[in-house]
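4 protein chains.
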Amino acid sequence: MTGQMERDLELSPEGNVKLKLLKEKVDPYTGLWIMVLHGTPGSMLSRHRHYGQIYGYTLKGAWGYIEHPVWLSKSGDVVHETPGSVHTLYIDENHIDTEVLFFVWGALEFLDKSGNTIYIEDWRSISMKYIDYCNKNNLPVIDITYPKQKVPDVEFKHHPSKMDL
Amino acid sequence: MTGQMERDLELSPEGNVKLKLLKEKVDPYTGLWIMVLHGTPGSMLSRHRHYGQIYGYTLKGAWGYIEHPVWLSKSGDVVHETPGSVHTLYIDENHIDTEVLFFVWGALEFLDKSGNTIYIEDWRSISMKYIDYCNKNNLPVIDITYPKQKVPDVEFKHHPSKMDL
Amino acid sequence: MTGQMERDLELSPEGNVKLKLLKEKVDPYTGLWIMVLHGTPGSMLSRHRHYGQIYGYTLKGAWGYIEHPVWLSKSGDVVHETPGSVHTLYIDENHIDTEVLFFVWGALEFLDKSGNTIYIEDWRSISMKYIDYCNKNNLPVIDITYPKQKVPDVEFKHHPSKMDL
Amino acid sequence: MTGQMERDLELSPEGNVKLKLLKEKVDPYTGLWIMVLHGTPGSMLSRHRHYGQIYGYTLKGAWGYIEHPVWLSKSGDVVHETPGSVHTLYIDENHIDTEVLFFVWGALEFLDKSGNTIYIEDWRSISMKYIDYCNKNNLPVIDITYPKQKVPDVEFKHHPSKMDL
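Residue numbers (my numbering), protein chains in the order written: chain A, 15 to 179; chain B, 15 to 179; chain C, 15 to 179; chain D, 15 to 179.
With the rest of the complex left out, here is chain A:
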């Protein structure tokens, strides 16, 4: 059994990449959420602004930002995105299916063409999507938060064993 939840969630209301949350790695105390973003060549994550820092590590394939046409992240590359940065992520057409491990602190604000807010994604919204997905597909709603002190308004039904060592 792996640490990835085999559940493909939609991250963005407009993009067509998907993500897997990592088991037990949504942290309601620091706002960190860890996930593997994955997509086929040519797929996109629509334009968004970061309100916290991000580290990405490319597991396979290649991806970039439309706003930075020269730069491309390939297998084994690490990237740090600064809070306040705005960009549109794409999976490169000339490579294979792509997977990127992301450590995201805080929120992603998806933007329309005029720069207005469409939607804000954070540890809570992504947890809610995860719970909805499990309920719709008759999958167990395993607690993905860590540390385990109860969050008042997020309801998990199954509690995995301790992760930290």
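Check the hints yourself; a few may be wrong.
[What the hints assert, rightly or not] Between beta-carbon pairs, the in silico distance windows are:
1. C/108 <-> B/107: 38 to 48 angstroms
2. D/84 <-> A/86: 36 to 46 angstroms
3. D/126 <-> B/100: 24 to 34 angstroms
4. A/154 <-> B/74: 30 to 40 angstroms
5. D/74 <-> A/83: 29 to 39 angstroms
6. D/126 <-> A/106: 44 to 54 angstroms
7. A/154 <-> C/54: 55 to 65 angstroms
8. A/83 <-> B/146: 47 to 57 angstroms
9. D/84 <-> B/128: 49 to 59 angstroms
[To be verified] Simulated pairs of lysine to aspartate or glutamate, DMTMM-like, Cα-Cα distance not exceeding 20 angstroms:
10. A/162 <-> B/107
11. D/74 <-> D/111
12. B/162 <-> A/95
13. B/162 <-> D/157
14. A/32 <-> A/107
15. A/162 <-> D/95
16. D/162 <-> C/95
Derived from the structure by calculation, the hints contain no laboratory data.
We put the CB at the ideal spot given by N, CA and C, even for glycine.
Given the structure of chain A, go ahead and fit chains B, C and D onto it with the hints provided.
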């Protein structure tokens, strides 16, 4: 000379508390901004959601959240606000002028009565307010960021000496 | 009742400053411990190396590092200490009793004159000192950790109410 | 060209796993260093204590801690190690060559059988090992720190282009 910028900025479009940014403590790499919020008894910071964690330390006076009527933070108290929490800050009527040191990571999203976004405050927006304030009042625009690697679209004219030891 | 534990702990085996831990602010997940260091003019915290970052905010008085003779931190100043920095803290002779709020991540390694390790202080060792102090003085051993998921080998007997909002 | 430095450094004075530092990912401001630890089945990283938090993500193979005989981390698993934890890492005998991506904040203290300090590894010591390795092998000493503000006593000769976007 103290570490506080003697420049009272408006944090919120609707509230009436003010803040002083701390010298050299806006961090464009982690999204941290450090400030002293201050206000007279009865003043408010309008309803907002956090998209990052916050630590507060009450320097003097007393304050609380309207949504948590029993709890009051007094001189020497520390508080941690979790990402995703929503509340309205008030300065207690029965105490003196209040000062709170805040370490803020990420963004504050100010909300209207229906829960819609009015305005989002982060390290960049607060830096821009600071620069505007300095320009309007003929004050030197000292670089308040740390570490000092240049941020492409934020323009500081004066650079203080190194802070870290 | 304030957020400070009225319990003066010895931070260093050789120095003569003291510290108060802040209530509920030892974090076993990130390694953060928050404290108010205090001392009379002329007192010292012996030479040490940091293995994590630190933020300090001077509440009153003035202090500096022997290794940086010009620099002095006064009321309202903020300082960031980088991981790996080595220095000896002193309370200035020409000022009043001094108090400094410190956010410490990770460990302090106290060093002898040859640079060898005397002692390493971290969230766990300082929690143990706190428990010892309480037991010796018949004070309740209140859980100072946050978040509250149990740490296997640290035993608190009293659990305060929830701090985060 | 990938984000990994093709330079195998010894992490521990006693173990026989190796590591690759990730390009531009030693952070002197927060104490973070990012690396890929790799080893053949049966190899070890000797007993050590953490003085900061760690996240690990297993890229391939399988590994565990001798002190926790049941637990094994496999491809796709994530682990959080709490500050203060002590353990001995081993690469599982029944799997292939193993690679683990580690985000390490602060220091690792390697311990002898009596629990005494043998050696402390942090962002600075690992940077020094990297510089030594490059000099001995006539490889360019590329600046692996980020952000790029100069660190006084660490000397890099080549500066790569900007990483953050």
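Each hint, compared with the structure:
no. : hint                                : result
1   : C/108 <-> B/107: 38 to 48 angstroms : holds, 40 angstroms
2   : D/84 <-> A/86: 36 to 46 angstroms   : holds, 41 angstroms
3   : D/126 <-> B/100: 24 to 34 angstroms : violated, 51 angstroms
4   : A/154 <-> B/74: 30 to 40 angstroms  : violated, 50 angstroms
5   : D/74 <-> A/83: 29 to 39 angstroms   : holds, 32 angstroms
6   : D/126 <-> A/106: 44 to 54 angstroms : holds, 49 angstroms
7   : A/154 <-> C/54: 55 to 65 angstroms  : holds, 60 angstroms
8   : A/83 <-> B/146: 47 to 57 angstroms  : violated, 33 angstroms
9   : D/84 <-> B/128: 49 to 59 angstroms  : holds, 51 angstroms
10  : A/162 <-> B/107                     : violated, 37 angstroms
11  : D/74 <-> D/111                      : holds, 7 angstroms
12  : B/162 <-> A/95                      : holds, 17 angstroms
13  : B/162 <-> D/157                     : holds, 17 angstroms
14  : A/32 <-> A/107                      : holds, 17 angstroms
15  : A/162 <-> D/95                      : holds, 15 angstroms
16  : D/162 <-> C/95                      : holds, 17 angstroms
Consistency with the previously given hints fails for numbers 3, 4, 8 and 10, ordered from lowest to highest.
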